[in-house]
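**Student:** Going line by line, the protein sequences match chains A and B. Sequential numbering of the first sequence, starting at 67, is according to our numbering. Sequential numbering of the second sequence, starting at 458, is according to our numbering.
Honestly, the hints are just simulated from the structure, not real lab data. We put the CB at the ideal spot given by N, CA and C, even for glycine. Among the clues, some could well be false.
A few chain B residues that face chain A, going by a derived Cβ cut-off under 10 Å, partial list only [claimed, not checked]:
| id | residue |
| --- | --- |
| 1 | F491 |
| 2 | Y493 |
| 3 | Q495 |
| 4 | A549 |
| 5 | D557 |
| 6 | M558 |
| 7 | G563 |
| 8 | T567 |
Footprint (simulated), chain B over chain A, 3 or more residues, beta carbon under 8 Å [to be verified]:
| id | stretch |
| --- | --- |
| 9 | 102–113 |
| 10 | 172–180 |
As a plain string of letters, each chain reads:
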Amino acid sequence: KAGVTQTPRYLIKTRGQQVTLSCSPISGHRSVSWYQQTPGQGLQFLFEYFSETQRNKGNFPGRFSGRQFSNSRSEMNVSTLELGDSALYLCASSLALSNINEQFFGPGTRLTVL
Amino acid sequence: AQSVTQPDIHITVSEGASLELRCNYSYGATPYLFWYVQSPGQGLQLLLKYFSGDTLVQGIKGFEAEFKRSQSSFNLRKPSVHWSDAAEYFCAVGAGNNNDMRFGAGTRLTVKP
Numbered sequence: 067k068a069g070v071t072q073t074p075r076y077l078i079k080t081r082g083q084q085v086t087l088s089c090s091p092i093s094g095h096r097s098v099s100w101y102q103q104t105p106g107q108g109l110q111f112l113f114e115y116f117s118e119t120q121r122n123k124g125n126f127p128g129r130f131s132g133r134q135f136s137n138s139r140s141e142m143n144v145s146t147l148e149l150g151d152s153a154l155y156l157c158a159s160s161l162a163l164s165n166i167n168e169q170f171f172g173p174g175t176r177l178t179v180l
Numbered sequence: 458a459q460s461v462t463q464p465d466i467h468i469t470v471s472e473g474a475s476l477e478l479r480c481n482y483s484y485g486a487t488p489y490l491f492w493y494v495q496s497p498g499q500g501l502q503l504l505l506k507y508f509s510g511d512t513l514v515q516g517i518k519g520f521e522a523e524f525k526r527s528q529s530s531f532n533l534r535k536p537s538v539h540w541s542d543a544a545e546y547f548c549a550v551g552a553g554n555n556n557d558m559r560f561g562a563g564t565r566l567t568v569k570p
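Isolated chain B, as found in the complex (with noise of 0.2 Å):
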């Protein structure tokens, strides 16, 4: 069965800084990865996805994530953060044959300003 990691439960930076969220997956075949944001009382909001080819991706909202396999990690990255960026995001991997996703217990993101 699959499973995901994320290390850090809360995170907090600059506004400005650099971000990197760290996710690591375990899963037998080829993976679909994801990363999900949530802002307190909303729904999630898909920010971008890994199915194959380029291992980095880019998403919305001027996030990209790495697929490393070696590493199993599938890390969140966006060089300058805002504060409108303060959330909680979930990694998840999924199987591609149905809708059934296991996620990550989630890392909350504080941006100072």
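Chain A with its partners taken away, still in its complex shape (with noise of 0.2 Å):
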């Protein structure tokens, strides 16, 4: 069974510029969760959605958004990307919205704003 993949794995944008990440669950799981994980404020939640709809949110300004289809892939949104957006970011599935079902995560996705 494949894992989580998220694309890309490397991305270099500038300040202002928007950026869209993606993440493709493991087969069956219909919840996606996003995080970002930095050196100073290590890893943060920032949304989980399923069945298509936000669920719950972390504290991140609207300039981060997301969104599921119908598949249960989810796609992140950054607009006017700012210099402390540079993170990891990291996409987790699971079966359903509960934390007794156990998450699995992607590689991350490596994104550097200059």
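Take each chain as given, in its own frame, and dock them per the hints.
**Tutor:** Encoded structure:
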């Protein structure tokens, strides 16, 4: 069974641009969560999608948004990029909306903002 | 809101020695607790989790953790560390009704030969 895949693995953008990251969950998983990982702030929860609806959101500005498609694939978008958005963005998939189900993490997308 | 503290930023142990990584959590209700490991350039892998029941939980790769409600702790242990255990370890707490997890800052483990 294929794991969680994230594309692209690496991205370089400049301030003010926007970026879209993609996540394909494990087959059969309907929940997709996104996390931002930085050396200063650590791992922070961005949002979670289940059945194409955002179910839970962390404390990030509106520049960070996401969506989920009917096949459970998810994208997250960051508009008007800032230097501080440089981070590893991790996607995790799970069977359902509960911590009882294990979350499986992808390898991440490394975003560098210049 | 839930939160996690990992007091040790970096720990160095000799190969074959025992290991204990500390984790303290804050959560008003029954916590869902997790330990993850992250190797360089990799995503996170679940080592073990605690929801209820036996307070000593066994995980993969020979790791175990003990939940102590009175101390709000969920420390990770391994009796004999292998060089391949060198990685970053994250403790996390969840609420149970969604997949929002709050992670600690992580503990980087170095293993000396």
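**Student:** Going through the numbered hints above, which ones does this structure break? Give me the numbers in ascending order.
**Tutor:** 8
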